[in-house]
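Engineer: Work out the full structure: start from the sequences and follow the hints.
Number of protein chains: 2
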Amino acid sequence: MASILRQAIYSGVYKPGDVLPTEAELQDKYGISRNTARNALIMLLNEGLITRTPRIGSVVRERRALLIHPQRELEPQPEGEIREAFATAVRTEGREFSQDIMIETVGADDEIAGRLELGDGEFAIVRRRLRYVDGQPYNINDSYYPRKIVQLSEIAEPGDIRRGANRVLQELGHRQVRVVDDIMGRMPTQREAELLQLDAGTCVLVFVRVGYDASDTPVRVAVSVFPADKHLIRYELDLD
Amino acid sequence: MASILRQAIYSGVYKPGDVLPTEAELQDKYGISRNTARNALIMLLNEGLITRTPRIGSVVRERRALLIHPQRELEPQPEGEIREAFATAVRTEGREFSQDIMIETVGADDEIAGRLELGDGEFAIVRRRLRYVDGQPYNINDSYYPRKIVQLSEIAEPGDIRRGANRVLQELGHRQVRVVDDIMGRMPTQREAELLQLDAGTCVLVFVRVGYDASDTPVRVAVSVFPADKHLIRYELDLD
Numbered sequence: 001m002a003s004i005l006r007q008a009i010y011s012g013v014y015k016p017g018d019v020l021p022t023e024a025e026l027q028d029k030y031g032i033s034r035n036t037a038r039n040a041l042i043m044l045l046n047e048g049l050i051t052r053t054p055r056i057g058s059v060v061r062e063r064r065a066l067l068i069h070p071q072r073e074l075e076p077q078p079e080g081e082i083r084e085a086f087a088t089a090v091r092t093e094g095r096e097f098s099q100d101i102m103i104e105t106v107g108a109d110d111e112i113a114g115r116l117e118l119g120d121g122e123f124a125i126v127r128r129r130l131r132y133v134d135g136q137p138y139n140i141n142d143s144y145y146p147r148k149i150v151q152l153s154e155i156a157e158p159g160d161i162r163r164g165a166n167r168v169l170q171e172l173g174h175r176q177v178r179v180v181d182d183i184m185g186r187m188p189t190q191r192e193a194e195l196l197q198l199d200a201g202t203c204v205l206v207f208v209r210v211g212y213d214a215s216d217t218p219v220r221v222a223v224s225v226f227p228a229d230k231h232l233i234r235y236e237l238d239l240d
Numbered sequence: 001m002a003s004i005l006r007q008a009i010y011s012g013v014y015k016p017g018d019v020l021p022t023e024a025e026l027q028d029k030y031g032i033s034r035n036t037a038r039n040a041l042i043m044l045l046n047e048g049l050i051t052r053t054p055r056i057g058s059v060v061r062e063r064r065a066l067l068i069h070p071q072r073e074l075e076p077q078p079e080g081e082i083r084e085a086f087a088t089a090v091r092t093e094g095r096e097f098s099q100d101i102m103i104e105t106v107g108a109d110d111e112i113a114g115r116l117e118l119g120d121g122e123f124a125i126v127r128r129r130l131r132y133v134d135g136q137p138y139n140i141n142d143s144y145y146p147r148k149i150v151q152l153s154e155i156a157e158p159g160d161i162r163r164g165a166n167r168v169l170q171e172l173g174h175r176q177v178r179v180v181d182d183i184m185g186r187m188p189t190q191r192e193a194e195l196l197q198l199d200a201g202t203c204v205l206v207f208v209r210v211g212y213d214a215s216d217t218p219v220r221v222a223v224s225v226f227p228a229d230k231h232l233i234r235y236e237l238d239l240d
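First to last, the sequence lines map onto chains A and B. Residue numbers for the first sequence follow the UniProt record's numbering, so the first one is 1 and each next one is one higher. Residue numbers for the second sequence follow the UniProt record's numbering, so the first one is 1 and each next one is one higher.
Hint data in this document are derived by calculation from the structure and do not stem from the laboratory. A couple of the hints might just be wrong.
Any copy, or any two copies together, can satisfy a pair, since identical chains are not distinguished.
[Claimed, not checked] Straight-line alpha carbon distances no greater than 30 Å define the calculated BS3-like cross-link-like pairs of lysine-lysine that follow:
| no. | residue 1 | residue 2 |
| --- | --- | --- |
| 1 | 148 | 15 |
| 2 | 148 | 29 |
| 3 | 15 | 29 |
Structural biologist: Okay, structure coming up:
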């Protein structure tokens, strides 16, 4: 029962501010016991998906899964803010975005850096970011770039890049013209569970985007780790 | 260590037939103990990702994650076979596809049927499918259609639709011109874990596709439950 309601909230069947069916209504509608209905609502309450108010009932909270639109990442972002799709998505919901950034240099023996098709003795620059929403750790994004391309740019320096790393790549003559997105699911590693303060039994969505420039060279490999209870990935496709 | 190797196999860095580094090589490469390296390889062996052969080493098995290309589902499928993207993907890998189909009629009180924007007293037809690869249960796909549209078609009848349900919708005057795909992750329900014979700690990817016809009416809601250890979802986007 909890999983049906949870999915209905994440998918938007019940929107923030909507009142869920009462225990008695759930009991009738699904032919379940009053206890099962009550436990389901308590689970949602514990997960922070709803609030319960006397005489009003179970109200869907604003803090639901954040909608990730991978197709928007390479569109122009609003001026004056950090030009990054995730930051924009967070602000669109009226929430606050912040991040910690660490710059690391790795070799081709790093499994992911290897996807950049680095040659012998070539390195990748990794921007490792832990991203926060309203001050809470929310997801991880590690973006790998060939060092020979980015070494003299802001990409190789700690700190936010307000116009976005994709824009910097473009200025360096390596505009991404094609991306390949892979989406996987798994249990978090212990390090991820600690960094993201995950409850037991929370899965993560692993989103890997490889960006190619006009010469079909991979210029960016971005690996995001999205706690599955807090993120929903959406694509929209026109078929003509 | 196991998770790095696992991801490298699922992502294709190591392809079927490739030989993984030896315990000693892993030890050097990652600065880990011989025991850690050995345990990682044993985990992959237990998960069926590799075989170990004396004097050859750890070889990546064919049975890795199946690549799901949601963008291909609405492309024409080969003649003569079941015209369905998942079935085609399975056959492309030289594996055998089969499915059990159950037809159910549900009302708008069903959370997912509700996404079809059904009116009072309207029903949805659900094609519930448990799909097998090489005889093993592999994933679940429940596809919902408005009954008033599909009731006199093959969609409302048990059994395979060789030319595909999307083609039938098109013949009925409701060709899908736009789809919205939502991808979520979670732990499986107990029923899913039983149906799909999942090991403990296996997450599922939940893939929901809503198809709209030219009048922007939802005509199909397809919910797939993909065990995350056996599926990888891939999108390819051109940015011009």
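Engineer: Are the hints correct? Go through all of them and say.
Structural biologist: To see whether the hints hold, each was checked on the structure:
1. 148 x 15: This pair counts as between: shortest inter-copy Cα distance 28 Å, intra-copy 47 Å.
2. 148 x 29: Intra 62 Å, inter 23 Å, cutoff 30 Å: inter-copy only.
3. 15 x 29: within (20 Å within a copy, 49 Å between copies)
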